[in-house]
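Construct the entire structure; sequences and hints are all you get.
Number of protein chains: 2
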Amino acid sequence: MQNINRNELSNMAPRYRAHVINSLSGFKSANLIGTRNNLGVNNLAIFSSVFHLGASPALVGFITRPHSVERHTLENIQQTKHFTINQINENFWRAAHQTSASYGADECEFKQTGLTPEIIEGVDAPFVKESQLKYSLTLKEIVPIELNGTLLVIGEITHIMCPKAAIKDDGYIDIESLNTVMVSGLDSYHTSKRLSRLSYAKPEQLLTKLSLDGEAEQLFT
Amino acid sequence: MQNINRNELSNMAPRYRAHVINSLSGFKSANLIGTRNNLGVNNLAIFSSVFHLGASPALVGFITRPHSVERHTLENIQQTKHFTINQINENFWRAAHQTSASYGADECEFKQTGLTPEIIEGVDAPFVKESQLKYSLTLKEIVPIELNGTLLVIGEITHIMCPKAAIKDDGYIDIESLNTVMVSGLDSYHTSKRLSRLSYAKPEQLLTKLSLDGEAEQLFT
Chain A
0 MQNINRNELS
10 NMAPRYRAHV
20 INSLSGFKSA
30 NLIGTRNNLG
40 VNNLAIFSSV
50 FHLGASPALV
60 GFITRPHSVE
70 RHTLENIQQT
80 KHFTINQINE
90 NFWRAAHQTS
100 ASYGADECEF
110 KQTGLTPEII
120 EGVDAPFVKE
130 SQLKYSLTLK
140 EIVPIELNGT
150 LLVIGEITHI
160 MCPKAAIKDD
170 GYIDIESLNT
180 VMVSGLDSYH
190 TSKRLSRLSY
200 AKPEQLLTKL
210 SLDGEAEQLF
220 T
Chain B
0 MQNINRNELS
10 NMAPRYRAHV
20 INSLSGFKSA
30 NLIGTRNNLG
40 VNNLAIFSSV
50 FHLGASPALV
60 GFITRPHSVE
70 RHTLENIQQT
80 KHFTINQINE
90 NFWRAAHQTS
100 ASYGADECEF
110 KQTGLTPEII
120 EGVDAPFVKE
130 SQLKYSLTLK
140 EIVPIELNGT
150 LLVIGEITHI
160 MCPKAAIKDD
170 GYIDIESLNT
180 VMVSGLDSYH
190 TSKRLSRLSY
200 AKPEQLLTKL
210 SLDGEAEQLF
220 T
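These protein sequence lines are chains A and B, in that order. For the first sequence, numbering that gives the first Met the number 0 assigns the number 0 to the initial residue and increments by one for each residue that follows. For the second sequence, numbering that gives the first Met the number 0 assigns the number 0 to the initial residue and increments by one for each residue that follows.
These are computed hints drawn from the structure, not numbers from a lab. Incorrect hints may have been included.
[Claimed, not checked] Estimated spans, in silico, between C-beta atoms of each pair:
#1 S210(B) <-> T115(A): 29 to 35 Å
#2 Q1(B) <-> S210(A): 16 to 22 Å
#3 E106(A) <-> K208(B): 22 to 28 Å
#4 G113(B) <-> A12(A): 37 to 43 Å
#5 D212(A) <-> E7(B): 17 to 23 Å
#6 E7(B) <-> A215(A): 24 to 30 Å
#7 I119(A) <-> P162(B): 44 to 50 Å
Backbone N, C-alpha and C define an ideal beta-carbon position, used for all residues, glycine too.
Shown next, in the form of structure tokens:
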């Protein structure tokens, strides 16, 4: 085991340190956020900080920096109040990574990367046609994190698109069957292999394996 | 493709809805958070909402509800200002899930699940011995999310423990080699399979595959 203390952390070269710290939070979801500015220019940016905030109301959040490459995402959301989140899958993970290049505000990442915008009525932001699980949100709040100047952007889900077969009997969505990928560190992409679904944990009771549809299957031996 | 609108979302049974919404954010990191109360009772709880907030200072955040099963985690952090985050791996994912059972404040999840507390000097919270990548944090801020009454707890990293071989030349930590698992939905656990590391994206430049150590390897064909 290597022990790294606060001093050693502070003395790391910035890029090395960024790789280390970004590896600590574990596997991260890989999503493209779609937005559009007031002039109608579509924007697409990759984010690994999308997370669940609550089911009722249905809230999802992500972290952004005010002056980063992805600032167009923030500016567009402030203009239109709308955005889409599109799970990245094994068919377009490299095009998704390419959206992190520093394109100008008038350059559309869809055109630059070959991904296809998909528009539905009532949503003022593009979906990614190639994504198998995607949803639109309306901006609810932007919470400033004063410790480091980042922002937590919170949206409420308004519309979900997902293949019917992936939605199981109890509402669980089999995102592995959609070939959804994840990120580790800053730049490593991975697919998944299911160990199992597990029963709701209770004190003094053994866990059972659940089927994909959420049915109790068997005890572990 | 199944389309689900806001009305249909509202009308879902609460548990079904929870499964759907929890599946939307993609694969989530699986971590055990270790804390200790003023009486010296250790606590361990599983969280799927740990995320990277910044590398300098090194900040990590997670979401908790004030009155959930995991409230002991929050109360303990408020008491001692310390906590540990321990990546869950394939060797103890079921024991980790079992920590979500509703144990009393005087019951220690380590004893209930067979996991082993590990103490180091200067950290007033237990690590999980079985975890291969773990770190301690001091509380920096608790940000209330007023939209749904959740809290964003932010800590600064003070000490990291990780096998030396997993830390690559440029600081990337190969968490796949540590058998770190991830969660989808509320209860499905997965291991990972690497597609590749990718080069830093620039406009008008093709992405290259990177070696584990971050060396440019080859163009994709």
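Per the hint of 24 to 30 Å, is the separation of the Cβ atoms of E7(B) and A215(A) within bounds?
About 28 Å separates the Cβ atoms of E7(B) and A215(A), which means 24 to 30 Å holds.
Measuring from beta carbon to beta carbon, are G113(B) and A12(A) in 37 to 43 Å?
41 Å, holds
Taking 44 to 50 Å as the stated bounds, is the beta-carbon spacing between I119(A) and P162(B) within them?
For P162(B) against I119(A), whose Cβ atoms are near 48 Å apart, the range 44 to 50 Å holds.
For the hint 16 to 22 Å, verify it against the beta carbon of Q1(B) and that of S210(A).
21 Å, holds
Is it true that D212(A) and E7(B) lie within 17 to 23 Å of each other by Cβ?
20 Å, holds
I want to verify a distance hint. Is the separation of the beta carbons of E106(A) and K208(B) within 22 to 28 Å?
Given a distance of about 25 Å, which is inside 22 to 28 Å, the answer is holds.
Within 29 to 35 Å or not, the Cβ separation of S210(B) and T115(A)?
32 Å, holds
Hint check: no violations occur; every hint is consistent with the structure.
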